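S.K.: Assemble the complex: chain S is given as a structure, and chain L must be docked to it using the hints.
Number of protein chains: 2
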Amino acid sequence: MSSLALENRKQLLDRTAEILRSGTQMDIRNWVHSLYPAETAHILESLEAEHRAKIWAVIPPSVMGEILVEVNVEVGAGLLKITDRKDLIAACENMGSDSMVDLLHVLPEPLLSQVIETIGARNRSRFESALGYGEHTAGGLMSREVLTVRADVTLDVVARYLRKRGKIPPGTESLIVVDRTEQFRGILPLSQFLASDPHSKVADVMDSRGVAVLHSTPSRDVVRLFEQRKLLSLPVVADDGKVMGRIAIDDIVGVIREEADHSLMGMAGLTEGHDMFAPVVTSAKRRAVWLGINLLTAFLAAWVIDLFEDTIQQIVALAVLMPIVASMGGIAGSQTLTLVIRGLALQQVSAGNAISLLFKEVSVGLVNGLVWSAVVAGVAGFWFHDPHLGLLLGAAMMINLVCAALSGVAIPVVLDRLGVDPALAGGVLLTTVTDVVGFMAFLGLATLFLL
Amino acid sequence: MSSLALENRKQLLDRTAEILRSGTQMDIRNWVHSLYPAETAHILESLEAEHRAKIWAVIPPSVMGEILVEVNVEVGAGLLKITDRKDLIAACENMGSDSMVDLLHVLPEPLLSQVIETIGARNRSRFESALGYGEHTAGGLMSREVLTVRADVTLDVVARYLRKRGKIPPGTESLIVVDRTEQFRGILPLSQFLASDPHSKVADVMDSRGVAVLHSTPSRDVVRLFEQRKLLSLPVVADDGKVMGRIAIDDIVGVIREEADHSLMGMAGLTEGHDMFAPVVTSAKRRAVWLGINLLTAFLAAWVIDLFEDTIQQIVALAVLMPIVASMGGIAGSQTLTLVIRGLALQQVSAGNAISLLFKEVSVGLVNGLVWSAVVAGVAGFWFHDPHLGLLLGAAMMINLVCAALSGVAIPVVLDRLGVDPALAGGVLLTTVTDVVGFMAFLGLATLFLL
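Note that the protein sequences, when read in sequence, are chains S and L.
Going by the numbering used here, the first residue of the first sequence is number 1, and it counts up by one from there.
Going by the numbering used here, the first residue of the second sequence is number 1, and it counts up by one from there.
No lab work stands behind these hints: they were computed from the structure.
For clarity, every value in this text was computed on a predicted model and none was experimentally measured.
The reader is advised that the hints may include incorrect statements.
To be verified - Dumping the calculated DSBU-like pairs for lysine-lysine here, alpha-carbon to alpha-carbon at most 30 Å: (1) L:Lys167 <-> S:Lys230; (2) L:Lys230 <-> S:Lys167; (3) L:Lys164 <-> S:Lys167; (4) L:Lys242 <-> S:Lys10; (5) S:Lys81 <-> L:Lys201; (6) S:Lys86 <-> L:Lys230; (7) L:Lys54 <-> L:Lys86; (8) L:Lys242 <-> S:Lys201; (9) S:Lys167 <-> L:Lys81; (10) S:Lys167 <-> L:Lys86; (11) L:Lys285 <-> S:Lys230; (12) L:Lys167 <-> S:Lys164; (13) L:Lys167 <-> L:Lys54; (14) S:Lys242 <-> L:Lys230; (15) L:Lys86 <-> S:Lys230; (16) L:Lys54 <-> S:Lys54; (17) S:Lys164 <-> L:Lys164.
Looking at chain S on its own, in the form it has when it is part of the complex:
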């Protein structure tokens, strides 16, 4: 049972750390050579720059390309800097055409031209046209290594052709069926192929419900199609209906991972192609922008508080209690915001149901507002021996929770409509609203009723 896969990623990392600590150069080499490209990529992403270089140094050029495609953009850029140009070109020559295109997408400009030049005129035009597709379209996701068969031949003929060909691209689980003019006709799953009578015609056993997409289809829609129809692959056609390539599910898994990362990282002002061990200055620079934007929000909130300086001077308890209103609004709002951002990413929120969602979220805000306002009012009234203060605090929180629900739905929906990424900008805007409304409501009510 040597073929049982027993190692998880953590064990890979632990073993790598051990070998880097106490192994010889030879141990490192043997260890790295025993890994799959994606495993090496995972390890590289999880190491500091110094260790990363040690591992990279023992990787043969023949697998460098596969690894560069697997690591995230930033880590890849770092590795390219420490890669010999000759090795890199050797790496490119060893790659399949779709991985090659993925890699070319990652290369920085001067290097890109050099590599394309070196690959030779034969392949160059092909890569250049492939690079024309956006990374986020079906054309950018597809591989050009496809097996097409004609609808009007028998399975027997296809079987002989495949055996003669000898090598079928790895991961092929279906053949693409075309007519005489290369137009897409359907899909012939290999499982169906094998279960059928060899004398039948392809047209009679193929899955004619099989679908294809245009090269310009956004990758988001491609992903949904894979998920909803449980596809293993999907043919891509040109505007004229001719088959151009094929998207395989393992590329889709990568896109799903990126999409999900995008929402999570975006909400903290980070990007998905993030190098965990980027140099301190690089990381600091990138995050500085986010902190700066949030600082503006914080100053705006401070300015609102400053409007009520006289009130606070007279009742210091207000300063003690005011962060509660703002903070509860922020929490409630971010729950709604997260729900809506996820709904938008999964295309579950649309014009048709946004209003219902708004009503529902505001109702939830009202219910929770009633409950927690009562609690807060009680605690604060008791704490400062002032029931009026407690009531004002409760009222302000109520107002803020309802506003939080309103903006938690409205902000991301409007941003999405405007073409701004709600995962990135939604949180800051929401906090601005809940801070300003929270301080304004509480201090304003206090100024009106307590002075």
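M.R.: For chain L alone, coordinates are given in the frame of chain S:
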């Protein structure tokens, strides 16, 4: 070109809304019948309860099961409540064994026993044993519909067997190779099968690098294996090495989606199996807990402020500026926290690199602390015509940003070690630290130096 897939999810929703608004009962029925189960599931998840019931009413029992497996747990529970028991049992009889097991996992207890009873003694023992596997293990993910072939026969024999069998489970892209005693030996991709000489033995053409996993392997590790080795399927073996089943990539896509949702939703105190249109009271109840926990944090922060009541009484500007310190700490901390939570989820953070990460994050905190503290000190000093106040604010922010970086790494790593979900508990703990440290540092320094 009728086979081009042109509709994305949003268009599905829009068309559904239109038909619900102005279509007849017949239109609704025809529309729903034209959909794939996962498409119907998507639509059901995106509708309010009332519309959901309208759609559910026209769904034939034969596809109900597939749809129930696709929708999230909460939506599924709601649909079960409005499903006729007879229909449900009919639904179960139409399902493949692995979908059936998925469905049984979803059913609430009284119904579960009834369904198992009705399925009949023949299948019952099989399902009962399958239900014994945790949902989060390889055993819980696998389907029992596998095609195994013996290593010592020729491809020709296998080909005849497959044709005789006639029906191969859909999505099959490889055969599992076993020896005489049903022990796992390797994998024979159908593509390899078709490209090889029919007289060769299975053992000679199979992929002997193919791996299998034990039924008890955590689903997290199974997912990593699929991603790292670009697998389309993975055999599952029992403790004695016998092949029990097979995990297909489309189930893995579901797990990846859930995992990613878990981090995103968890950080807002939500769960991944969330019904966007759950009844108001249900939603409010669930979120109330999260708000309550955060209220404790807010009161703790208020208590800290209260310690400095006298200081604030004398310098009201402190009340105006103090939220800035807390808020910037919270933002910086949540950036670090998000990075680490993602790293833990992807198994990129381990004991080996946690310390390096801590150093790096604290350094980033120091750099950004220096930059933004200077800005804040300048602005505040100018605003209140008091350079000392500005300096204190800057110093407090510096302290808080460093603490935020420390706790942004330490909190999730420690929680993970303790077996507590960092995505869920990390944010609250972090905010508690940044609020308390922020207010304490700023008001404390002011008490020491300004009075």
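S.K.: So, for every hint listed, does it hold in this structure?
M.R.: Verification of the hints:
1. L:Lys167 <-> S:Lys230: At roughly 19 Å apart (the allowed maximum being 30 Å), Lys230 of chain S and Lys167 of chain L satisfy the hint.
2. L:Lys230 <-> S:Lys167: Judged against 30 Å, a Cα distance of about 18 Å means the pair holds.
3. L:Lys164 <-> S:Lys167: Roughly 26 Å separates the two Cα atoms, so the pair holds.
4. L:Lys242 <-> S:Lys10: The given pair, whose Cα atoms are some 27 Å apart, holds under the 30 Å limit.
5. S:Lys81 <-> L:Lys201: violated (48 Å)
6. S:Lys86 <-> L:Lys230: Distance of about 28 Å is within 30 Å: holds.
7. L:Lys54 <-> L:Lys86: holds (19 Å)
8. L:Lys242 <-> S:Lys201: At roughly 38 Å apart (the allowed maximum being 30 Å), Lys201 of chain S and Lys242 of chain L break the hint.
9. S:Lys167 <-> L:Lys81: violated (53 Å)
10. S:Lys167 <-> L:Lys86: Since the Cα atoms of Lys167 of chain S and Lys86 of chain L sit roughly 51 Å apart, the hinted pair is violated (cutoff 30 Å).
11. L:Lys285 <-> S:Lys230: violated (35 Å)
12. L:Lys167 <-> S:Lys164: holds (26 Å)
13. L:Lys167 <-> L:Lys54: Roughly 36 Å separates the two Cα atoms, so the pair is violated.
14. S:Lys242 <-> L:Lys230: This hinted pair holds, its Cα atoms lying about 28 Å apart.
15. L:Lys86 <-> S:Lys230: With Cα atoms ~28 Å apart, Lys86 of chain L and Lys230 of chain S stay inside 30 Å; holds.
16. L:Lys54 <-> S:Lys54: violated (62 Å)
17. S:Lys164 <-> L:Lys164: holds (25 Å)
Checked against the numbered hints given earlier, this structure breaks hints 5, 8, 9, 10, 11, 13, 16; the rest are met.
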